[in-house]
Amino acid sequence: MARLWEKTQAYLEPRFMLSAVRDFAKKKKVPEHKRSFWYFFGGICLFLFIIQVLTGILLLLYYTPSVDAAHESIQFIMSQVKFGWLIRSVHSWTANILVGVIFIHMFSTFFLKAYRPPRELTWITGFLLLVLFLAFGFSGYLLPWNELSFFATRVGTDIAGVIPIIGKALKTFILGGPEVSGATLTRFFWLHVAVLPAFALLIMAIHVILVQTLGMSRPVGIGETKEISFFPEFILKDSLGWLIILAVVGAVCVFLPWEAGPKADPFSSTPLGIKPEWYFTFMFTTLKLVPAHVFTIEGEVLAVLGFMLGGLLLMLVPFLDRRAAREKRSPVFTVIGLAILAYIVVMTGLTYLAPNIGK
Amino acid sequence: MDRRAFINLFLGGSLLGTVVSFLYPVIRYLIPPRQAEAAAKRILAAKVGELAPNSAKLFRFGSTAAVLVNTADGQLRAFSAVCTHLTCTVRYEGDTGTLFCPCHNGRFDLAGNVLSGPPPRPLEAYEVEVSGGDIYVSRKA
Numbered sequence: 001m002a003r004l005w006e007k008t009q010a011y012l013e014p015r016f017m018l019s020a021v022r023d024f025a026k027k028k029k030v031p032e033h034k035r036s037f038w039y040f041f042g043g044i045c046l047f048l049f050i051i052q053v054l055t056g057i058l059l060l061l062y063y064t065p066s067v068d069a070a071h072e073s074i075q076f077i078m079s080q081v082k083f084g085w086l087i088r089s090v091h092s093w094t095a096n097i098l099v100g101v102i103f104i105h106m107f108s109t110f111f112l113k114a115y116r117p118p119r120e121l122t123w124i125t126g127f128l129l130l131v132l133f134l135a136f137g138f139s140g141y142l143l144p145w146n147e148l149s150f151f152a153t154r155v156g157t158d159i160a161g162v163i164p165i166i167g168k169a170l171k172t173f174i175l176g177g178p179e180v181s182g183a184t185l186t187r188f189f190w191l192h193v194a195v196l197p198a199f200a201l202l203i204m205a206i207h208v209i210l211v212q213t214l215g216m217s218r219p220v221g222i223g224e225t226k227e228i229s230f231f232p233e234f235i236l237k238d239s240l241g242w243l244i245i246l247a248v249v250g251a252v253c254v255f256l257p258w259e260a261g262p263k264a265d266p267f268s269s270t271p272l273g274i275k276p277e278w279y280f281t282f283m284f285t286t287l288k289l290v291p292a293h294v295f296t297i298e299g300e301v302l303a304v305l306g307f308m309l310g311g312l313l314l315m316l317v318p319f320l321d322r323r324a325a326r327e328k329r330s331p332v333f334t335v336i337g338l339a340i341l342a343y344i345v346v347m348t349g350l351t352y353l354a355p356n357i358g359k
Numbered sequence: 001m002d003r004r005a006f007i008n009l010f011l012g013g014s015l016l017g018t019v020v021s022f023l024y025p026v027i028r029y030l031i032p033p034r035q036a037e038a039a040a041k042r043i044l045a046a047k048v049g050e051l052a053p054n055s056a057k058l059f060r061f062g063s064t065a066a067v068l069v070n071t072a073d074g075q076l077r078a079f080s081a082v083c084t085h086l087t088c089t090v091r092y093e094g095d096t097g098t099l100f101c102p103c104h105n106g107r108f109d110l111a112g113n114v115l116s117g118p119p120p121r122p123l124e125a126y127e128v129e130v131s132g133g134d135i136y137v138s139r140k141a
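Just so you know, the protein sequences line up as chains A and B, in that order. For the first sequence, the working numbering assigns the number 1 to the initial residue and increments by one for each residue that follows. For the second sequence, the working numbering assigns the number 1 to the initial residue and increments by one for each residue that follows.
A portion of the hints provided could be inaccurate.
To be verified - For lysine to aspartate or glutamate, the following EDC-like pairs were computed, each having C-alpha atoms within a straight-line distance of at most 20 Å:
no., chain 1, residue 1, chain 2, residue 2
1, B, 41, A, 179
2, A, 328, A, 120
3, A, 34, A, 224
4, A, 82, A, 259
5, A, 27, A, 233
6, B, 57, A, 147
7, B, 57, B, 127
8, B, 57, A, 265
Since the hints were derived computationally from the structure, they do not count as laboratory data.
Only chain A is shown next, with the shape it has when bound in the complex (with noise of 0.2 Å):
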């Protein structure tokens, strides 16, 4: 057996130069202090997209995107196919909980001020891999094709329609037409398996580089500390988070496996209570709370118009810090992001604490 891996490795050396690839993540090193126990979670989102993509292949064999079979094949995955309730359940809790840990892992590169140079590149790829995932998550929610997702949709497509100049073509382009249909379906379903996962694989492979190349930055204030290995010693402590989340995500998936809800019915009123996936809530309940017009303009134009310059200056976060950039500490930079933070939290709480609020 011994002799056989040996042979395998010899083989394998010359065309692959593991030895290379081997040498390098030896030499790679972590900083340890106080602070390293985030690093962990930018592993935990590339573990977790993983079990996306390995439960999305599956759910392929068996999901119909057309209107009149979508619902029901999700049915039959749920009852009749073995463990299709489990794919299935893994598969929706895991993309819940990716966009969860992307927030944290955003907040707390935020918070470290991780963005400094030369990293504005990898903050930048980051912040679009969220977008993306955002986009992933939307996009995969109508594909069950049942009444709340249908609505989500109608909603979170009129908000892109609400934006200036573009927004009515953006929508037509969103829902291959005027009004959430069969057509939107199928656009979902080939953003969803085609389209997002070949540019979040790119800018992925762009990020995951730009980290390996550059190391893992050292919060402003803290010298020299010391370094543990990236292979083992790292690997090993982020296996241990990757196995912590499997246990998670199986025991969420047995006690709460992931409901169909009742099929979509584009002519019925739309069902009370109805909101969307917990990582949108935050805007749902801000278009609740805008008043109809500020001053002539609409409030959710301008509520639209606020979230997306809000995202466009996060993005560009690396390069309004000045004095981050300069390794000094920034508490303005820090009291805006947790302010930030602030407002996530209380609105998603509100969501679901005062569900009546602007009634």
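Let chain A serve as the given structure and place chain B on it in line with the hints.
Positioned in the frame of chain A, the structure of chain B alone reads:
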């Protein structure tokens, strides 16, 4: 312009032209074809007696949903059921005698006017006409 610059310009222009000629059909392919909307003019919404007082019925009006309300005092009114805020479908609430949108808690009275919440405009009101035993709804002229 020397020969080198001309060749660079010629090859660069050809490359750009090739890229554009590949991209143009792809972009046109991605834009959905315009389809004729089912523009409803006059629709049979319900039969007389089908709706009890203080109740409502959703029906298909062209490619969107509409709502026919039989008010508590027996008047028939019809509106577009598409909320003017972010296009959710409204529902009739008998206890308040209003049309309510559950997405962002918008509320309309039975003239279609906004009572509360974020909708920026009233609901579009339709004509209701009783002919024999049928209730017809049509767009206002």
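Q: Would you pick out the hints that fail for this structure and give their numbers low to high?
A: Structure breaks no hint.
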